[in-house]
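Novice: Each chain, written out:
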Amino acid sequence: MTTSSSLDNQTQIQGMNKGLCLCKVCRKINLTSNGSCTRCHAPLATRNYASIGQSWALLITAVILLVLANIYPITLITNRGVVTNDTIFSGTVHLVKTGMIPIAIIVFTASVLVPWLKIIGLAIYLTAISFNLPVSKKKLMVGFHIIEWIGRWSMLDLFVISITVALVNMGQLLDAKPAPAATAFALVILLTQLAAKVLDTRLLWDRLEPQNDAK
Amino acid sequence: MAHTDQHQCHVLCRSCDLVVQKRALPSPVRALCPRCGTALYDTPYCSINGMLALCIAALIMFFPANLLPVLEIHFLGSIRNTTAFQAAIAVGDQGYWVVGVAVAISAVIAPLLLLSSILAQVCIAKFALHLELGKKTLRMLLKQQGLLSQLTMLEIYVLSFLVSAFQLSDFADVHMGMGTFCFTMLFLLLLFLQREYNLEHMWGLLDDN
Ligand SMILES: [Zn+2]
Ligand SMILES: [Zn+2]
Numbered sequence: 001m002t003t004s005s006s007l008d009n010q011t012q013i014q015g016m017n018k019g020l021c022l023c024k025v026c027r028k029i030n031l032t033s034n035g036s037c038t039r040c041h042a043p044l045a046t047r048n049y050a051s052i053g054q055s056w057a058l059l060i061t062a063v064i065l066l067v068l069a070n071i072y073p074i075t076l077i078t079n080r081g082v083v084t085n086d087t088i089f090s091g092t093v094h095l096v097k098t099g100m101i102p103i104a105i106i107v108f109t110a111s112v113l114v115p116w117l118k119i120i121g122l123a124i125y126l127t128a129i130s131f132n133l134p135v136s137k138k139k140l141m142v143g144f145h146i147i148e149w150i151g152r153w154s155m156l157d158l159f160v161i162s163i164t165v166a167l168v169n170m171g172q173l174l175d176a177k178p179a180p181a182a183t184a185f186a187l188v189i190l191l192t193q194l195a196a197k198v199l200d201t202r203l204l205w206d207r208l209e210p211q212n213d214a215k
Numbered sequence: 001m002a003h004t005d006q007h008q009c010h011v012l013c014r015s016c017d018l019v020v021q022k023r024a025l026p027s028p029v030r031a032l033c034p035r036c037g038t039a040l041y042d043t044p045y046c047s048i049n050g051m052l053a054l055c056i057a058a059l060i061m062f063f064p065a066n067l068l069p070v071l072e073i074h075f076l077g078s079i080r081n082t083t084a085f086q087a088a089i090a091v092g093d094q095g096y097w098v099v100g101v102a103v104a105i106s107a108v109i110a111p112l113l114l115l116s117s118i119l120a121q122v123c124i125a126k127f128a129l130h131l132e133l134g135k136k137t138l139r140m141l142l143k144q145q146g147l148l149s150q151l152t153m154l155e156i157y158v159l160s161f162l163v164s165a166f167q168l169s170d171f172a173d174v175h176m177g178m179g180t181f182c183f184t185m186l187f188l189l190l191l192f193l194q195r196e197y198n199l200e201h202m203w204g205l206l207d208d209n
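Keeping their order, the protein sequence lines are chains A and B. Its first residue numbered 1, the first sequence is counted upward by one per residue in our numbering. Its first residue numbered 1, the second sequence is counted upward by one per residue in our numbering.
Rather than coming from a laboratory, the hints here were simulated on the basis of the structure. Just to be clear, a hint being listed does not mean it is correct.
[What the hints assert, rightly or not] Computed spacing ranges between beta-carbons, pair by pair:
1. A/F131 <-> B/V29: 35 to 43 angstroms
2. B/C9 <-> A/I124: 23 to 31 angstroms
3. B/F127 <-> A/T84: 54 to 62 angstroms
4. A/G19 <-> B/F181: 52 to 60 angstroms
5. A/I64 <-> B/D170: 27 to 35 angstroms
Positions of the beta carbon are idealized from the N, C-alpha and C atoms, including for glycine.
Only chain B is shown next, with the shape it has when bound in the complex (with noise of 0.2 angstroms):
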C-alpha cells in the first residue's frame, strides 16, 4: 500500500512522462511541466450549480439558434436563409456529403450532444453518485467528453458567418437576425460553460465513492 501512497502525491507528464511532485496551487494558477510546458493540472474547482445554470441556459438557447436562420439575403427582390443544419444539408445535397457531414456535426450534433452529457454529468453529480447505474453512466460520459469538446466548434461557425457575410456583401444585401444573436449566446454561454468544467474534477467525484 506504500506504493499507492507514493503515487498520490505525484503526476505524470502526459505529453513527455516526466515524474512531477505535486503541490498544493492557489485557485488560478495551473501547473506546468518543468521539461516540456505541458500544463499539467490546476485546482480542481467547478462550482455544481453554476454549471447546471449555464447548461441549462446553453440548452434552451440551442433551439432557436438553430431553428432560426443565422443568415439571410435579399437578392432582386428575393429572400432566402439558412440555419446551420439547413447549410450543411445544402452542401450535402450536391454530392459533398463529407463536407455536409463535417460541417453538421461541429456546428449542430456535438455541441448539443455535449451540452447534454454535461448536464447528465450535473445531475448524476447532484443526485446519483451513490447508484452503481449512476457512476456508471457518469465513467462512460466522461469518457466521451473529450472527444465531444473538441468536434464541438461553435467560436469558428460564429467566426464563419461573419465572414460569409462579408463576403456575399459583395452581390447582395445580407441581413443578421435573431438567429445569428441566438447562435451567438449559445457560443458565449457554451464557452462559460466550458470555463466552469472541469474533467478532472468530474473524474474525481468518481474516486472518492
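Chain A with its partners taken away, still in its complex shape (with noise of 0.2 angstroms):
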C-alpha cells in the first residue's frame, strides 16, 4: 500500500508544482511565472481559492429559490371560468393522471429530478472539499461532470410554459399564464449553472488526502 501510494506522489504531479499552469480560457499550458497565457492573454490563476465561498453562495441562494419555486404555482390555468394554480408538482401530478405517463417522466426529470439532484450534488461537492471527507474524489467528478452536463435540461419546463402561455390565450374559455415560481425556477437554473461553473476543481485534488482512492 505505502509503495503504490509512494509511487502515485512521483507520478501523479500536480501542474501548479512544476511551474505549470492551464489557461482557464483557452487550456494552453503556460508557465505560471509568466502572469498571462501566450495564446489568448488572459491573466493565469494556479487557483482560485475564493471559489469556493462563491459557489457556496450562490448554491444557497439557489436552495432558497428552488424551495420557492416548488411552494408557489408555476402556471395559472382558466379553463371555462375556472382557475387552477399548477405548482411543478402537480402538473406532474395532472399528466400522470391523464395518462401521458412517458411526458410526465420527461417533465417530472427535468424539472423536480435535474434541480433537486443538482443541489445536493453539489452541496455534497462543496462539503468534500470544505471539510475534508473522506469520499472518493474520483467519484465526485463523475457526479460532478454529470451535473455539468444535466443542469441545463430543467430549462425544458420554462420553455414549455413559454409556448402554453403564447398559444393558450382565449380569455374566459382558456387562458394560460405564468406564476411567480416560473421566475424563481428561472433564477435556480442560472445559479445552480454558474455555482459549478464558478467552482475551481483543482481545489478538491489539492486538499483531499489521498488515501480515500488508494484503494
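Reconstruct the complex from the two isolated chains, following the hints.
Specialist: Listed below in C-alpha cells is the structure:
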C-alpha cells in the first residue's frame, strides 16, 4: 500500500508544483511566471481559492429559490371560468392522471429530479472540499461532470411554459399565464449553472488526502 | 527554451491539475485523465470546408425556423400559433421577463450568435489568418465560443415543443407545420456542426502563425 502511494506521489505531479498552469480560457499550458496566457492573453491563476465561498453563496441562494419555486404555483390555467394554480409537482401529477406517462417522466426529470439532484450533488461536492470528507475523489468528479451536463435540461419546463402561454390565450374560455414560481425556477437554473462554473475543481485534488483513492 | 519543449509533450488536466504525458492518438479516440476521468484531448481534426457547408445550411434554415410557427392550435374555430421568439415575448409581456429573456437567449439569440461566430471563424481560417486583424478577431471569437455553445439549447427546445404538443392535445387540436420541421432541421445541422467543430484545433490555428 505504501509503495503504491509513494509511487503515485512520484508520478502524479500537479501542474502547480512544476510551475505550470492551464489557461482557463483557451486551455493552453503556460509557465505560471508568465502572468498571462501567451495565446489568448487572459490572466493566469493556479488556483481560485475564493471560488469555494462564491460557489457556496450561489448554491444557498439557489436552494432558497428552489424551495419557493416548488411551493408557489408555476402556471395559472383558466378553463371555462375555473382558475387552477399548478405547482411544478401538481403539474406532473396531472400528466400522470391524464395517462401521459412518458411525458410525465420527461417533465418530472427535467423540473423536479434534475434541479434537486444538482443542488444535492453540488452540496456534497462543496462539503467534501470544505470539510475534507473521506469520499472517493474520482466518484465526486464523475458526479460533478454529470451535474454540469444535466443542469441545462431544466430549461425544458420554461420552454413549455412559454409556448403554452403564447398559444393558450382565449380569455375566460381557456387561458394560461405564468405564475411567480416561474421566475424563481429560472433563477435556480442560472444560479446552479454558475455555481458549477465558478468552482475550481482542482482544489478538490489538492485538499483531500490521497488515501481515500488508494484502494 | 528547454522548458518550452518540455511542456509541449505534456498536458494538464483542467479538473485536477495532473501532469499527463501526451501521446499520439488514433482519430476517434479521446484521452481521459487517468486520475479523475475528465476528457483531456482528442486528435484535433476538423474539416474547414465541411464546417462552412454545415454553417451556411444552418444559417439559411435559421430564418424559416424562427419566422414560421413551431406550434399551432385549433380551439373552437380559432387558430393560434407561435414562434420561439413570440413565445419568449409572451411570457415577458406577462411580467415574467427573467423567463422571457432566458427563453429568448437560449432558443433564438445564442444559436444565431453561435452560427455567425463559427461562420466568421471559418472565413478567417480560410482567408484572413495571415492578417493581424484576422487573428485578433479570431482570438476574440474563440474566447466567447464556450459561453455561446453553453447558452445554445436547441435540443431542449425541440423536446419542449413535443411535450407542449402532448400537453395541449388535452384541450385543443395541435398541429405541427413547416416551422416545426425547420426548427428540428436547424437543431440537427447545429448538432453535426458542433461535432465537426473542435475548439482546440481552432486555437491551434493561432499557434502556428
Ligand atoms: Zn489562454
Ligand atoms: Zn484529472
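Novice: Determine for every hint whether it applies to the structure shown.
Specialist: Results of checking the hints against the structure:
Evaluation of the 35 to 43 angstroms hint for A/F131 and B/V29 yields a pass: the beta carbon distance comes to about 38 angstroms. For B/C9 and A/I124, the Cβ-Cβ distance of about 36 angstroms falls outside the hinted range of 23 to 31 angstroms, so the restraint is violated. For B/F127 and A/T84, the hinted distance range of 54 to 62 angstroms is satisfied, since their beta carbons lie about 59 angstroms from each other. The supplied range of 52 to 60 angstroms is met by A/G19 and B/F181, whose beta-carbon atoms lie about 55 angstroms from each other.
Take A/I64 and B/D170: their Cβ atoms lie about 33 angstroms apart, and the range 27 to 35 angstroms holds.
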